[in-house]
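Taking the hints into account, I'd like the entire structure generated from these sequences.
Just so you know, the sequences run in chain order Y and V.
Take 153 as the starting number for the first sequence in this note's numbering and just add one per residue.
Take 153 as the starting number for the second sequence in this note's numbering and just add one per residue.
Where hints are given, some of them may not hold.
[What the hints assert, rightly or not] With a Cα cut of at most 25 Å, we get these calculated SDA-like pairs of lysine to any residue:
# : chain 1 : residue 1 : chain 2 : residue 2
1 : Y       : Lys376    : V       : Asp247
2 : Y       : Lys509    : V       : Asn252
3 : V       : Lys272    : Y       : Arg266
4 : Y       : Lys269    : V       : Asp457
5 : Y       : Lys272    : V       : Asn252
6 : V       : Lys349    : Y       : Thr315
7 : V       : Lys464    : Y       : Arg266
8 : V       : Lys375    : Y       : Arg319
By construction, these hints were calculated from the structure, which means they are not laboratory data.
Protein chains: 2
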Amino acid sequence: MTKTENKSKTQTPEEKREEMQTKISQLGSELVKEVDAGDNLHIDIPVRGSANVLFDEKQKKILLGDKMSKRYLFNVAHARRFMQTMLVASYVKKDLLENNLTATLRDLYYAKKRTIKGFKEDTIDEQKESDLAIVDLEVAMDSFRERLHLRAEPKGRMAGDLTVLDRVRNKVDSIDLSRMGSGGWAVPSIVEQIEFKDVGIEYVLVAEKNAIFDRLNEDGYWKKNKCLLMTTAGQAARGARRLLQRISTELKIPCYCLTDSDPYGWYIYSTMKYGSMALAHESNRLGCPDLKFLGMSTSDIEHYDLRNVTIKAKEVDIKRAEEMKAYAWFKSKEWQSEINLFLEKKLKAEIQALSSKSLQYISNSYLPEKIKNQDFLP
Amino acid sequence: MTKTENKSKTQTPEEKREEMQTKISQLGSELVKEVDAGDNLHIDIPVRGSANVLFDEKQKKILLGDKMSKRYLFNVAHARRFMQTMLVASYVKKDLLENNLTATLRDLYYAKKRTIKGFKEDTIDEQKESDLAIVDLEVAMDSFRERLHLRAEPKGRMAGDLTVLDRVRNKVDSIDLSRMGSGGWAVPSIVEQIEFKDVGIEYVLVAEKNAIFDRLNEDGYWKKNKCLLMTTAGQAARGARRLLQRISTELKIPCYCLTDSDPYGWYIYSTMKYGSMALAHESNRLGCPDLKFLGMSTSDIEHYDLRNVTIKAKEVDIKRAEEMKAYAWFKSKEWQSEINLFLEKKLKAEIQALSSKSLQYISNSYLPEKIKNQDFLP
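Structural data, given as structure tokens:
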């Protein structure tokens with residue numbers, strides 16, 4: 153766990169903001185010192201990419217290793233990116249943190265696209281460039297973009313017996329997630345400012361699909377079972393992942409994940425739990441190592457007699473399953489036999505296949521049974 | 153306006169449900185009469201597809217014409233679909249309406265996929281088939297799928313000084329949309345049951361993008377400007393479209409739409425306003441004829457000096473613009489000159505291009521100015 157996170161529970165939003173401003177100022181001061189000393193300005197940046205990605209068994213996280221690279225101003229291959237990283241740092245500090253505002257990666261790109269007055273040359277040609285510079289700044293600061301006040305696309309909804317305090321600049325709202333009707337509360341892009349109050353939940357159930365959220369919400373599942381219901385609406389967005397992590401670690405309650413029975417479902421699960429190779433630098437902030445896979449599993453297909461409502465696996469599914477079987481984070485004997493069973497049966501099943509039994513079967517039988525028997529994959 | 157809608161304001165959710173059950177029972181009784189008379193069972197179904205789609209200038213809606221077709225049981229080309237329509241009708245009445253439950257199209261498909269006991273033949277092979285049968289039932293009932301208790305994928309968020317009453321079966325929640333923090337309230341799949349209370353809003357601003365919702369929510373735009381802020385997060389989902397229509401007609405307040413300046417933005421707008429050709433049978437229930445296009449317009453690019461942050465239109469954009477120029481619902485002189493200007497300049501602009509001026513420019517200058525000057529496209 154990084155320093156930033158150890159502090160995060162006790163820090164106020166103002167303190168979090170000030171800490172980041174100080175860090176950026178320190179980076180600036182160090183560069184000024186280098187200028188004064190006549191050195192070639194540089195920033196130390198952890199190496200990203202597969203050569204520096206490892207799976208930490210103990211922490212259960214896909215993490216960056218300790219390889220570092222130096223980015224120099226006076227190096228033809230580095231100069232442009234160095235300048236862009238400075239543009240990003242300046243925007244984050246002066247435009248965002250100092251004004252207590254947040255922005256998207258796209259806003260930043262537009263704001264810093266052409267910054268040299270009188271020139272027709274763009275300082276940032278494509279958003280891809282500023283996005284990379286943002287990640288450079290994130291890892292150089294040992295932080296993550298939400299702390300830099302940069303928003304990602306939000307996705308996901310929640311309902312349950314939990315009240316959260318959320319603040320939008322100076323306005324604080326107390327939001328009772330048990331009174332959200334059929335819609336639910338939309339999970340925000342940035343969740344650092346959220347506080348948990350009036351906790352009446354005993355576990356979290358994260359469903360991959362909106363349809364499952366709607367089904368369980370209509371059945372009053374979360375009320376009867378004292379759980380917080382959450383949907384990621386597909387691959388989980390950063391806000392939803394971070395919020396799940398915070399609930400798991402701060403409220404210390406179990407979290408269960410419900411996806412379709414197929415390699416894509418496993419991937420959604422493993423990304424929420426361990427992080428991903430592409431975003432290994434974010435696993436510390438976004439991973440939820442205690443998350444468990446509730447289902448749907450390949451053995452559920454036999455157990456719940458769903459054979460008639462399965463989907464034949466395609467070549468691409470088989471290939472993906474074989475790849476995943478080799479990943480260090482799928483090496484437990486439970487996952488190895490799950491993947492082997494899939495490769496043997498070659499069948500996928502959607503959670504909604506349970507509707508072939510009856511609409512409320514999932515709420516009244518499947519979920520209570522799985523949870524009572526603690527029938528999870530690790 | 154159809155009978156269903158005229159009644160909708162005064163009908164309770166229970167009455168709406170009973171009305172639909174009665175309609176389905178009537179369809180059944182008529183078929184039984186045909187059986188007794190030894191007739192070839194049939195259902196009258198309005199013809200869909202471009203041959204029966206028209207633009208109603210006065211109502212400002214893309215509608216189905218009055219061409220009808222008959223679907224017979226004893227006709228090799230019709231029999232399977234006839235049977236599937238009956239399966240759908242039975243599921244809707246017995247499983248959904250009678251139990252006051254809702255389901256997705258996928259749930260229905262799984263529930264009715266294999267219904268002949270002992271046979272290995274599916275009654276519904278692919279979901280496409282049951283989806284078509286559902287639309288048949290919708291149009292035959294002169295209704296729409298939400299009244300059949302069928303849910304579509306929900307999308308969209310809201311915030312503003314408006315309290316809605318939403319009910320999930322027998323539980324009624326009072327939801328104050330001015331206390332939704334940074335997330336907002338997630339717009340549900342079905343909004344028929346929603347009632348509006350404590351209306352403190354003077355207009356609705358619908359933004360195509362989540363990023364714009366977040367920007368305006370953070371700036372307290374909806375509070376300062378007494379509006380309801382809504383994002384469709386891309387092409388609007390059915391729930392968001394229907395809710396916008398209900399707010400527009402029931403609260404009688406102006407609704408403004410904010411998209412990128414490109415043919416895709418115009419399409420998102422025109423679908424919300426007029427409906428679409430593919431779903432012409434739904435325009436009555438989902439269209440919002442009083443919606444106005446606030447921006448971003450091609451002339452905004454010059455007016456707000458955004459030339460440096462535009463995107464060059466591609467061949468596909470030009471082609472799309474030319475197609476749209478020919479549509480009856482883009483024939484107003486304002487839209488013709490907007491499209492001509494686009495074809496001349498060949499430039500697209502995103503709303504976020506305004507961030508090149510300053511992050512809060514949209515909240516403090518662009519929107520207030522456009523609204524003050526009533527600078528809209530029809």
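Outcome of the hint check:
{"no.": "1", "hint": "Y:Lys376 to V:Asp247", "verdict": "22 Å, holds"}
{"no.": "2", "hint": "Y:Lys509 to V:Asn252", "verdict": "18 Å, holds"}
{"no.": "3", "hint": "V:Lys272 to Y:Arg266", "verdict": "65 Å, violated"}
{"no.": "4", "hint": "Y:Lys269 to V:Asp457", "verdict": "15 Å, holds"}
{"no.": "5", "hint": "Y:Lys272 to V:Asn252", "verdict": "63 Å, violated"}
{"no.": "6", "hint": "V:Lys349 to Y:Thr315", "verdict": "23 Å, holds"}
{"no.": "7", "hint": "V:Lys464 to Y:Arg266", "verdict": "16 Å, holds"}
{"no.": "8", "hint": "V:Lys375 to Y:Arg319", "verdict": "15 Å, holds"}
Violated hints, in rising order: 3, 5; the structure is consistent with all others.
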